[in-house]
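Undergrad: Protein chains in written order, with my numbering: chain B, 1 to 267; chain W, 1001 to 1325.
Just to be clear, a hint being listed does not mean it is correct.
Stated by the list, open to error - Restraint-style ranges between C-beta atoms, simulated for each label pair: (1) B:175 to W:1015: 55 to 63 Å; (2) B:31 to W:1322: 46 to 54 Å; (3) B:52 to W:1040: 29 to 37 Å; (4) W:1237 to B:213: 28 to 36 Å; (5) B:94 to W:1227: 48 to 56 Å; (6) B:94 to W:1175: 27 to 35 Å; (7) W:1081 to B:47: 53 to 61 Å; (8) B:184 to W:1040: 19 to 27 Å.
FYI, nobody ran anything at the bench for these hints, they're computed from the structure. Glycine is no exception: its CB is placed at the ideal position from the N, C-alpha and C atoms.
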Amino acid sequence: MSKPNELPMIRSPRRVALAGLFALWGATVTGLLLSGGMTRYLAPRSLPFVWIAGPVLLAISVVLWRNSHVLHHGDPDDDMHEVSCVCRWQEAPRRAELSTLALMVLPLVVLTMIPTGVLGADAARTRGVTGDSLRAPGAPGDFDGRDLTVLDVLYATISPLYAEQIGLEPGDEVSLVGIVVHDDVDPEDSFLLTRFYVTCCVADAVPIAVRVRGPPAVGANDNDWVIATGTITWTEAPPGTEATDVRAELTLKTLEPTEEPWDIYLF
Amino acid sequence: MSTDTRAAERQAQLWRGPLALVVLAGLAITVGGLLGLREAQTAQAFAVVFLSIVLEALPFIVLGSLVAAAVESYAPERVTQMLARMPGPVAVPLAGLMGTFFPVCDCGSVPVARRLAKKGLHPAGCVAFMLAAPVVNPIVAFSTFVAFQFRAEVAVARMILAYAVAVIAAWVMSPIAREMLSRPIRGSVSEHEHQGSFHQVFAHDVMFMGRYLVVGALGAALIQTFIPRSILAAVSSNIPVSILAMMVLAAGLSICAQADAFVAASFTQFHPAAQVAFLTLGPNVDLKLLAIYGGAFGARATRRLVAAVALPVFVGSLWMAAFTS
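Make a model of the complete structure from these sequences and hints.
TA: Here is the structure:
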């Protein structure tokens, strides 16, 4: 409440909207980090920067809110001052400012609309999934008893040292998890068991795959998450030479459906 | 109509715009739900790519805006005077190397360059910093080294070409660099507020960069969702055409410099020179950056900047291809 003969303070709609937007973004980013949902979009190696951004956005929203009062110019003793006050009108967001706010809200709308988006078989085909070992984007992380992945197998095909390290040889029985992706030339009993390798964010995801063959593959549908168990084989690169076009192939014994894993992407 | 009623109506009108936005957002979410977008595979792929670009770039915009706000509000006068005294022939090559000690992402480098120019650093030096810092830094050099199976040639070629392109482009832009970097920004929600206060400068820069980031991310997500990369395979044997194709791809995909090497490395059918062209152009010219440049510098300066970057990248890559063949 303003005292008599003292200019009152009002909250500026523009500043309140800005504070609200920063608060929404800060809360969304922090919420995604705390819930683990951020790994649907970003690789863990990108997260430290996001851990900084979330709290900064929240803190700035508080500062903006605390500074959202503006002086209400005009003579408070004048009955018409509410109508004639010019200052207030300047505090309403203009059309260009509203379009900026709308653009900044758009990602939050998309996130609410499609909260569990994921790359699937179509994305793998668009990005050119092949099953070539040279698609392996570098060495996998430490192999300390974790489950074998498509990336481990692909990297083992081009690095005898890594194959030895993880104890993988052609003819071994392995179980791999991935999504089913068919390409145009696939026979009925074959598909590409695919995972996406993400370096920083899903925009840079590279589909990597091991070709799977065998009767259990018949009837597998695109985008199904499956555990493929069978015998792995590949053409070994001669020692000391650079491998080119090595392809691993899994001859299926069993194919079981499974739930989408917590770590959808390989990082 | 009484004065009270009119005042109340006008009070409501002040909030009409923000409230309309909230209603529109709610409506969009409801309609999206009714259309079943949550389950549609194409919509999912589009959404996840769009959001991942925004979520990845936003922290860098926040960090860049923090640095820019700190430069604006707290840079000591002694330092800014020293920067202002630095002549162009010294400022440009030095600014091109600043990313080695002060790495910023491509989105974050634009506000920092604008604030450095405002503080008196030679405008062409600011352009050199803006173009070089996202690429010529140890983080990007290491990620390129790893992505190309620990072969140093591509990482070294990328650093050299990116630095040369930044310096050349800075000189090409120098006649209009001052005007370009000091261009007033319209439409940012805090534009009418006083500049100088840390949080206001920060909010201004985040809003300004953020809206163009969203526009660019929308374009990149559309390309990533609907255009198959296999169409590039047809041109991979012709080196000049393959270099051009990889440059166009880099501009369309809008991947940040720390990660783009892993994507470039997956195009094994392309000549390394074409991969280096992809790696050098992408962090300087892509859809999200074009939107940001357009808003910050205007259409004319953006066209000139794109040409000043793209031509040296193309010529440098061709020379590299000739040199290595």
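Undergrad: What hints, given by number in increasing order, does this structure fail?
TA: 5 and 7
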